[in-house]
Amino acid sequence: MSKSIQAIDMNIYYGSFRAVEGVSIDIDSRSVTALIGPSGCGKTTFLRSINRMHEVLPYASVEGQLLLDGDDIYGSGVDPVTVRTMIGMVFQKPNPFPTMSIRENVLAGYKLNGTRLSRSDADSIVERSLSSANLWNEVKDRLDKPGSGLSGGQQQRLCIARTIAVKPDVILMDEPCSALDPISTLAVEDLISELKEEYTVVIVTHNMQQAARVSERTAFFNIAGTGKPGKLIEYAETSTIFNNPSEKSTEDYVSGRFG
Amino acid sequence: MPSTEEPQSSAATKNPRRRNGSADRSNPLVSGDKGGVAGDKVFNGLALAAGVTILLVLAFVAIFLTFNSVGAVYTEEEGLNLGAFFSYAYPLLLGSLMASAIALMIATPVAVGVALYLSHYAPPKLSRTIGYVIDLLAAIPSVVYGAWGMTFLAPALVPLYDVAHEYLDFIPFFAGTPSQTGRTVLTGGIVLSVMIIAIITAVSREIFMQTPKLHEEAALALGATKWEMIRTAVFPFARAGIISGVMLGLGRALGETMAVALVLSVGPLTFSLISSGNSTIPAEIALNFPEAPPGSERQAQLIAIGLVLFLITLVVNMIARWIVSRHKEFSGAN
Chain F
-16 MSKSIQAIDM NIYYGSFRAV EGVSIDIDSR SVTALIGPSG CGKTTFLRSI NRMHEVLPYA
44 SVEGQLLLDG DDIYGSGVDP VTVRTMIGMV FQKPNPFPTM SIRENVLAGY KLNGTRLSRS
104 DADSIVERSL SSANLWNEVK DRLDKPGSGL SGGQQQRLCI ARTIAVKPDV ILMDEPCSAL
164 DPISTLAVED LISELKEEYT VVIVTHNMQQ AARVSERTAF FNIAGTGKPG KLIEYAETST
224 IFNNPSEKST EDYVSGRFG
Chain R
20 MPSTEEPQSS AATKNPRRRN GSADRSNPLV SGDKGGVAGD KVFNGLALAA GVTILLVLAF
80 VAIFLTFNSV GAVYTEEEGL NLGAFFSYAY PLLLGSLMAS AIALMIATPV AVGVALYLSH
140 YAPPKLSRTI GYVIDLLAAI PSVVYGAWGM TFLAPALVPL YDVAHEYLDF IPFFAGTPSQ
200 TGRTVLTGGI VLSVMIIAII TAVSREIFMQ TPKLHEEAAL ALGATKWEMI RTAVFPFARA
260 GIISGVMLGL GRALGETMAV ALVLSVGPLT FSLISSGNST IPAEIALNFP EAPPGSERQA
320 QLIAIGLVLF LITLVVNMIA RWIVSRHKEF SGAN
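So the protein sequences, as listed, match chains F and R.
Going by my numbering, the first sequence runs without a break in its numbering and finishes at 242.
Going by my numbering, the second sequence runs without a break in its numbering and finishes at 353.
Hints are computed from structural coordinates only; laboratory data are not their basis.
One should not assume that every hint holds.
Said to hold, decoys possible - Label-pair distances were calculated between CB atoms; the ranges are:
| # | chain 1 | residue 1 | chain 2 | residue 2 | range |
| --- | --- | --- | --- | --- | --- |
| 1 | R | L155 | F | N(-6) | 40 to 50 Å |
| 2 | R | G58 | F | K128 | 40 to 50 Å |
| 3 | R | T85 | F | D124 | 48 to 58 Å |
| 4 | R | P231 | F | L100 | 25 to 35 Å |
Stated by the list, open to error - Chain F side only, calculated, beta carbon under 7 Å to chain R, not exhaustive:
| # | residue |
| --- | --- |
| 5 | K(-14) |
| 6 | M36 |
| 7 | V39 |
| 8 | A43 |
| 9 | V64 |
| 10 | K76 |
| 11 | N78 |
| 12 | H189 |
Beta carbons: idealized from backbone N, C-alpha and C, even for Gly.
Excised from the complex, chain F in its bound form (with noise of 0.2 Å):
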């Protein structure tokens, strides 16, 4: 399953401060969207409030409305915590749970959900969440040993293993790759084009070059200044993006005269 997102007229907040204003976008089911942008445009605040990890933060709040497939994820009465088990979101820093195996990490999203797995159904859903995440022949052998042992490459594909473990709706990345060296990169960005198959993907990047191998679509995001609100600025085709944006601060933002 995959659902698109529609974003309409969002303001997020920390506290009394406005920190992203006024966005609306229309992301496709099974695309990748990038969302790009100087430190502290917003976009990983956007990113989060896609599934409502926003709110987590103290005094934080959203206002607008975001539809997955049309639902209302911040109607009144939808429980966040569904959203979220729809929505699943691979960080900047890998984060397995430490205390779990490699294992109980890919399943830690069935035993959140109270899903009771049989041993041969638990064994395929594993093979198959890190096959997915290309990491299967690297830990087979090894299921047992704790998920923070792993290098941090494959920590992070362990952390996208047990994000698509559930069968999410779609799969936001915060700079996934921002903690990696270049070859765990590239494993991770060949996932990500596998991953456009079956699911909505929205990764946050700060590298331009990976926007463009990545992405089939673009969303630049720009504040005016320190303190000011960030803003969506431009949304379109990832080549159009980079080659031939309608926006001046586009232009001077991908072309590096900037940011």
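Let chain F serve as the given structure and place chain R on it in line with the hints.
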């Protein structure tokens, strides 16, 4: 890592060349910061001294206790007599363990709950206020707790003990005649539990607050509720810390003298928690030491039970260490 390796490797490649080429030129890498090196050595020495001191103190205590307790098990006339000492010591030891076990069973869940509330549920301002109050609990002298337990808590519990005896006397712990003063081992355990709640809470709260945000968010992003997040991310991370806190609490409960001496009306060992009776090692020592003539067998006996308590505490701590280290691979420390 690279930043520390770099100067070493450059020193290694440059040094031979310098030595061959111009021997008179001093190696600029050698001079360094002399003050810093000396400071490092001084601090190294201080840290070592501190470590050695603690071991020496512990060794002296152990030697003192062992040397002075020989009289309890060996006399010129009777020779070695372990049996008499054993039959004297074991009721006291069981009494101590019973009171401490009651205290831990009450205090641990309460303290962990309070700590969790302070670290993850309470609004920051309230959390700080409650934190101060908890710290204050630890600062109250034990004699005050003892007085409170003896004059207020014990009489208040009498009706409860009567009820427990009436309905639960098939359980050995609630059999026997309930005490009419309420000064029983259960009351003592409750007073002890209030005393150790503070320390277990303080330690647990600190460790709960150190849970990496990354792991908490990993759980939440997988669709965990707050309680599930706490079970998945916070408790596994805090396990060793909670055990340390509980061990500190147990240490205090085992060694507590004044509160128990005041609350408990001491008597022979009984497994009934609601009858009067029982005593603990520290209370026994405190109540009898002034009357024991110096150098007498009685004094040796009291010191010997002190040694028993010392060893028990040591063993308990070693078990706790072992429990903590058993899961080291999964602790996240690697």
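Practice task
Report the numbers of all earlier hints that the structure fails to satisfy, in ascending order.
Solution key: Hint check: 5, 8, 12 fail, others pass.
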